[in-house]
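Residue numbers (our numbering), protein chains in the order written: chain S, 530 to 883; chain V, 5 to 525; chain P, 10 to 344.
Since the hints were made in silico from the structure, they are not lab data.
Watch out, some of these pointers could steer you wrong.
[Said to hold, decoys possible] Label-pair distances were calculated between CB atoms; the ranges are:
no.: 1; chain 1: P; residue 1: 261; chain 2: V; residue 2: 151; range: 50 to 58 angstroms
no.: 2; chain 1: S; residue 1: 863; chain 2: P; residue 2: 28; range: 28 to 36 angstroms
no.: 3; chain 1: S; residue 1: 758; chain 2: V; residue 2: 200; range: 29 to 37 angstroms
Where a beta carbon is used, it is the ideal one built from N, C-alpha and C, also for glycine.
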Amino acid sequence: MTTAIHIHSSVPTVSPIRRFVSRNFRVLVTYSILLVLLLLNIQLNAKFFTPPVITSSFNQSMTLIFAGMAQTSVVISSGIDLSVGPVISLSNSLASAVFADGAFGMIGTVLLVLLVGVLCGLINGLIIVYGRLQPIIVTLATASVYSGVALFLRPRPGGFVPRLYGDLLTSRLSAILQPLSGEQKLTGSIFDYIPASAILLVLVLLVVWQPFRRSKLGLWVYAVGSNQGAAYMSGVNVNRAKIAAYVMSGIFAAIAGLFLTAQTLSGDATKGGVFTLQSIAVVVLGGTSLFGGSGGVAGTIAGAFVLPIIRSILFFARIDPLQQPLWEGAVILLAVTAGASRILTIKNRLNLMR
Amino acid sequence: MSGSDNKIAAVEAWDISKHFGGTIALNKASFRCQPGSIHALIGENGAGKSTLIKIFSGVTIPDSGTLQISGQGVIIRSPADAARYGVVPVFQELSLMPHLTVAENIFVTNPPRNRLGLIDRSQLRAQTDRFFSDLGFTHIDPNAMISELPLAQRQLVEIAKALSRIPKVLILDEGTSALSVHDVELVFRVIRRLRDEGCSIIFISHRMSEVEEIADTLTIFRDGQDVGSFAIGSVARDEMVQLMIGRKLEQVFPPKPDPALPAGTPVLEVKNLKWEQTLDDISFSLQKGEILGLGGLDGQGQGELLFALFGLLRGLKGEIHINGEHKQINGPDAATRAGINLALIPEDRKTEGLILPTSVGDNLTLAVLDTLSHFGLVENGKEQSTIQYAVERMQIKTASPRIPVRALSGGNQQKVVIGKWLMTEASVYLLHDPTRGIDVGTKQEIYQLMRTLVDNGASILFFSTELSELVGMCSRVLVLYEGRIFRELKGKDITEENIVSAALGFQSDDEFLMPAAAMEA
Amino acid sequence: MAVSSNTSDNTGFGLWRWFNNLERQQRSVVIAYLMIIVLVVLGSLLVTPNFASPTFLIKQLQQASFLGIIAAGQMAVILTGNIDLSVSWTLNLAAVLATSIAGGQDSGFIPGILVGLGVGVGVGLINGIGVAYLRIPSMVLTLGMNALLKGMIVVYNGSAPKFEQAPPLLSWFATEILGDIIPVAVLFWIVISIVNYVVLNRSALGRKTYAVGNNEVAAYLSGIKTRRVLVGAFVLSGVMNALAGLMIAGNAGRSFNEMGEPFLLPAIAAVVVGGTSILGGSGKYLGTVAGVILIRLLDSALNIVQVPPAVRDITFGLVILAMLFLYGRAEKARE
């Protein structure tokens, strides 16, 4: 902002590492916390690196990871989705009902559930965009509707889910590959240490998240979350981007429901409810700003691992299991307060409020 | 370019009218821009030029009037519509997404994609590199996030972004205000090339020197209408100034009082104020009944100085004395407390000064709610009479104090902001460009009001970007340059030329070359 | 805020014109009360003739009063542009501590109540300070607070069995219907409502609350201590939640885990259905009262016809959406 003549050099060289750290600071903090917790866990539990423990750690985190990914997609667009939990319940109930019916087969059932997830997200997005209504209220209302539909499909917990489906998603890779390898025993091999759910996670990341993130539509979702007015001025189709964000949320919530189905081998129309608020907590733990525009699933995944690991540490540290929820609460509260450190760096008091 | 009048115009507008609430922004304005020309649009703040180009770019929809692009009648309802017709605007930082990289911002609507339909990052980077080297913007890193860039580079990215959309009509609205001379040259080179390729450029700038350097044609706007179009160089400067203001300068301002002020204890005395990189050792004093001007180019620390006095800046060094007493001011509630009694009329009245959806009355009483209350309850009679008093005293033109302040014209809104402080019996008013975007008539009322305030014993610290205001109103003017008080002007020395030369950082009058900011006069 | 209609015209269209001349906020309130009437009429025609009977409606009000008290606090927070998601476990902790301290004896009533309300003040203070001074987004902070409070209850209850029977006096307050006409709980709600109404409509604090919710920067620059206003709203919400927790325990005769879970979302829904903007800064207290009654009546009607819970949830969601569309609340303008 001066009229002095500057001599320009060419592009200032910013070290890529420094840039990476400064852009992903909050995510790195989450991973550091996760690392410390892991080390603590290993210290306390000699059996930590055994196949059963690894598999169960993954299985315990997986539904929450997908729920968190669902919430992340909309938070990036600076929206919020309070129907994540009910959509999980709905897909869990639907899956158990359709499996019991047996008409669609395993793949057909999965596809049907995913389709319903898309539909739920689409409804949210359409109402928010074309009704010009606030996401928090719209998804609060649709949450009630989706819960109702879930209850309609499964008034009481139960239903039939094929064992094979559960094993495919929740066992170890060795167990799944065993029939293929014939005589050779896979127990004790490297495949014993790889949970099937980890493969599922990688698949979802590669087939669902990455294509979305790297598509034009994905870029638009970030653009809208970063500055909606600017995005509109730039010719971004704001409506389409917002709807896409909610559809992605629906897909991820459906995946979470499908995993929950595999884990519990039954349907329960109330099981998903807790994941709404937990998904928000995990997004915040993962360093994604609720104001939108930045963040991603990398932090969310780490955030979702933190809670089960704390549980495990408390267990092995012989802390009264009754204290578990207290510690979980304390950690969540601490994590969200950590974000407040920014107020110390703000020099203009007005900027605190904007 | 004058010989090309018979050509089909690139953009043509007839009888465009637009009003916002009670303000008429455009009143049957017409405009015509030839292909392959650079057409400057000038006028005072609030003359309607911004509204006109917002209409061209689909941000605002006119109440009435006709638009033509290349001879075709068009209706532009959205920025996307405008882009389809090849009309691409550059507003100040309006279309950048801070969390996206430079490259992503530029190609957000059409990023290069690979066979899978996914964005090809290396291609995106290469495309941006090529584009930037073509433009000469090689000092900008395509992979930097917008939020990581300094203001000037953001503005260049904004311009680059517009150019990437291959405009037929490029609109630059103060698009060069944050740029250094070198960057401005880069931009001008690109613009000239565009023109030679047949593109039209509509150029708005408050730097007259830039206008004269780059433009072929010039249209002047006043009070929502076009009042004249000329080829550059065909009309003398003072004639243009006359067209812009439409009256003699002397008529605008109330007479200044006798310059000899009582030399008692200053109401406000500032000693060695320092803050971050923005305020550098600022010391001055303000006497009772004085209007002290703050001048200089926009962004030299004037806004921060007002913020500092109002207690908004953390880590402020230096001392503030009120009526001779050293005071700690750590927030607006402290600044407005009895014994300090400051009042801030902030830069952006819509977001900082007013609560737009609530009524005129509620806005007027905002700062004195506690004194109007008894046991915490607002006393209706007292409140009504206070509002009544303020509305009359400020001559606020409103059907009723109960209508939302949003519905008032800009000038009347500003009167509400000032009126809010009447009741606190503020002793020092801190004014941040209070007449921006206000019609000429109301401006005059505000000048008169400022004079009345000081006649009744208040003092005013007056930051204005309009030189004529400083000349017409102030007993002294402090010109800031890069956070320092560069020069203090008094009495007869307060002239636009002196303010401009100090604003540009020239040490003495000999170096005074071209009054770049003199346009506002 | 208080813009009244300026029409006193007596033509056949007078009522309609009056309605059209109302501010949008007031229109929402009128719509909400009309919906109550529609619901009562429909209820007595389709559900049971008793639906419009005074006894039934009084019982409904008594049940609604718990939600009404919570919604009063929630509304204050929403008006400032924030949200309080710590409703459930704040009220739960207040109830658990109060019943265990009282030990089922009226002699322990006062200390129990004081501790219970103290919980509300404490939670509200922490939420308020976190939001106002540390600038933590309220949605996140109150969510974390909720998790922490849940943990505290589990720890408190877990170490040794706690007394959970409510003292008779507390049950009296929650369930007694004076002269078969006016329930004590409703009296509480009325008193709280009058105070809230007066504060929001007549007091300096009320004006400041709306100002902060509309534009905190402008309010702050006008010398208003905006952070105190924020803390105040959260403390009010905390205390209201705690009070509701005590009443709910009195009504049920005991405190129990997860007793607060069914109240959070209906409370937010009641505030919004009553016409308050979730973005803050606008809304009428009378609307919130209407929203509470509306939600309660809807719930009862669906209960009486014994529709499956599935249909109840779906109807509930659709009614909220329908109300939102009726109000036509536009999102913040793009640009």
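At the C-beta level, are residue 863(S) and residue 28(P) separated by a distance inside 28 to 36 angstroms?
violated (51 angstroms)
Has the hinted range 50 to 58 angstroms been met by the Cβ atoms of residue 261(P) and residue 151(V)?
With Cβ atoms ~52 angstroms apart, the hint holds.
Using the beta carbons of residue 758(S) and residue 200(V), state whether their distance is inside 29 to 37 angstroms or not.
The hint (29 to 37 angstroms, Cβ to Cβ) holds, given that residue 758(S) and residue 200(V) are roughly 34 angstroms apart.
The structure shown violates just one earlier hint, number 2.
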